[in-house]
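Enquirer: The listed protein sequences derive, respectively, from chains A and B. Take the first sequence: its position 56, counting from 1, is numbered 56 in our numbering, and each next residue is one higher. Take the second sequence: its position 94, counting from 1, is numbered 578 in our numbering, and each next residue is one higher.
Treat the hints as calculated values from the structure; they're not laboratory data. Mixed in with the good hints, there may be bad ones.
Okay, the calculated beta carbon distance ranges per label pair [as the list claims (entries may be wrong)]:
1. B:A556 <-> A:S323: 52 to 62 Å
2. A:E210 <-> B:C499: 49 to 59 Å
3. A:R365 <-> B:E560: 31 to 41 Å
4. B:K505 <-> A:T227: 44 to 54 Å
5. B:G503 <-> A:I222: 57 to 67 Å
6. A:P89 <-> B:L593: 24 to 34 Å
7. B:S620 <-> A:Q372: 42 to 52 Å
8. A:D178 <-> B:A590: 51 to 61 Å
9. B:P603 <-> A:K245: 45 to 55 Å
Note that the Cβ used here is the ideal one computed from N, Cα and C, for glycine as well.
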Amino acid sequence: MIEDRVICVDIGSTWTKGAVFKLSHDRFSLERRAAMATTTDYLPDGFYAVLRHLQPDCNWHNTESSPLPVYFSSSAKGGLSVAVVGLVPEMTLQIARLAAFSAGARITAAYSYRLTRNCIAAIEKSRPDILLLCGGTDGGNERYVTENARVLASSDYDGTIIYAGNNMAVDQIRDLLDSRDLRISENLMPDFGQLNIEPVREAIKSVFLERIVSGKGLDQLIRQFDTQPLPTPLAMINLVDAIGKNIADWQNFALIDMGGATTDFYSFAEAYYADSGTIMKGIVEPRLKRTVEGDLGMRVSAESAFETARDLLLASLEGSQQSLESLRAYTEKLVANTSHLPADLAEQSYDQLLASACIFHAVMRHAGIIEQIYTAKGPVWAQSGKDLRRINRIVGTGGFLAAMGRAGDAIELPFSPQPDVEKIPLLPVNFEYYADPDYILPLLGSLAEKYPRQSAAAAVSYLTRLHPNEEEVKEFSHSEFTDA
Amino acid sequence: MTPVNIVLGVIGFDCHSVGNKILDAFFGEAGFKVTNLGVMVSQEEFISAAVETDARAILVSSLYGHGEIDCAGLREKCIEKGLEEIILYVGGNLVVGKTPFAEVEAKFLKMGYDRVFGPDCVLDEVVELLKEDLESR
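Chain A with its partners taken away, still in its complex shape (with noise of 0.2 Å):
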């Protein structure tokens, strides 16, 4: 059968959000839209309410057959939380925090070289669903992952251990954690400097399915549906892959999706150009990328954003009527009450000084840097991390980035380097903004697996090209995304 319809479900921590496309012309278009409050002691109640509200004439609780394909996402507390344990910073420990966050996982911790008991009794604490285990090349280095394998067999911590190391140690690492749940997948470095971050993905996301379905009811919606979910961030992760590939002027793009809690940048873009003139020091990063950041959001976060971002803020506020004191004082209202909506203009403009602030610190922590050395023979330019220069394209989703996109408002996207610095961040230079204003990124990200032209062609047609006004902040509907 040719699915010529489709319907994609996400379920968020506060909205289920669903959509029906029909496929024709080689790209989905969007039929009809829903949301319905997540019901969050039994998720399927909202999702068959979304389900009810998309396709009324059809009778979704027969459960013998699904009437039409549906695909779902879950943002699953922000995805499963990950505490990942390298060897050295830079190398071991930077690929494998790359590939939880390209698993669309949250980091909680990161440790180097050996586990300490400071470490270990942190490890206890947090209780991450995962801890991603790495370190050596295969052939090379044994005795840090083998000894922190020892003290980990020691501890208190019974979550999903996946071992990435040096594949030479595998039969030490499974002797010592026989009793845990470990899982093995293939060195995330074979080699000094090459990366092989794929098999962890998976790894990680099977974990995630085995994780979500218990309990909640998912698993009934799996077994009816016959599909498995992804984490929402992996659905957002594989939609971007397939604009990059297979969009032909996408093909250096940035995307941010900036919601409550955190802010994620995604980059698709050659990580280090040879005919750039610098030297790259440590690992050239993968093309598609994604990082999080926990303390920058525009509602739970909102205290914590100000304070990683005060001096960008007080620079902002310089000849306006608006003290850094009140905008500490907004912020805080958010944190205590996380549904808030601006109430007047000073509000909405805090809500714009705080977004672009979060945007530019998230920027600021993808991008890679360059820097000038002096040699005998003259300066050399020296690169580490990620260039982001040649992307000239930059998305902005998630609830806040959608609802300026419906009103027509660029963000301000503050990327002109400070002057006088030493190490110049590789930030985009000549972009255009694009908006998603009907948030629908996320629903065509869960299609993007099986169906990437389709799904890229549908997600580009859908954005909407903004240009950056100096006017003064208009009113716009933060209404959340809602056809009901």
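Add chain B to chain A, keeping to what the hints say.
Expert: Positioned in the frame of chain A, the structure of chain B alone reads:
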């Protein structure tokens, strides 16, 4: 038997890549697992590579005359990073001018390098010496 891991590279801001490629091929042929970091390698990169690959020796090349300043302190950094046992070799045009090789050798031995080689050393001999040194540790 699993091959011995060694790390190879040209230190500092030195871009001489021909000799580096010859060494890579030669030590590979001689049965070593070579992690070749190429040209313009910092001390930190040598050490990171040696830690991750569990290398038993680091072979440092320098041809542009600034070897002394580039190479100083590598032994101490290795010890700091837990590589107390690692064998350090250095070779090339290590200093500018016509300093007698014996003086150059003495200087680099004092810095903590186990063996020092001039630009005209015979690689077969270097391999034999490395095997001897590996056995004695």
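Enquirer: Each hint should be assessed against the structure and marked as holding or not.
Expert: Okay, the hints, checked on the actual structure:
Remark: the range hint 52 to 62 Å for A556 (chain B) to S323 (chain A) is upheld by a beta-carbon distance near 53 Å. A hinted range of 49 to 59 Å holds for the C-beta pair E210 (chain A) and C499 (chain B), which are about 51 Å apart. At roughly 32 Å, the beta-carbon separation of R365 (chain A) and E560 (chain B) lies within the given 31 to 41 Å, and the hint holds. Checked against the hint of 44 to 54 Å, the pair K505 (chain B) and T227 (chain A) passes, with Cβ atoms roughly 52 Å apart.
Checked against the hint of 57 to 67 Å, the pair G503 (chain B) and I222 (chain A) passes, with Cβ atoms roughly 60 Å apart. A beta carbon spacing of about 32 Å between P89 (chain A) and L593 (chain B) agrees with the range 24 to 34 Å that was offered as a hint. Judged by the Cβ atoms, the range 42 to 52 Å given for S620 (chain B) and Q372 (chain A) holds: they are separated by roughly 44 Å. Between D178 (chain A) and A590 (chain B) the CB atoms are about 54 Å apart, so this pair conforms to the stated range of 51 to 61 Å.
For P603 (chain B) and K245 (chain A), the Cβ-Cβ distance of about 49 Å falls inside the hinted range of 45 to 55 Å, so the restraint holds.
The earlier numbered hints are all upheld by this structure, with none contradicted.
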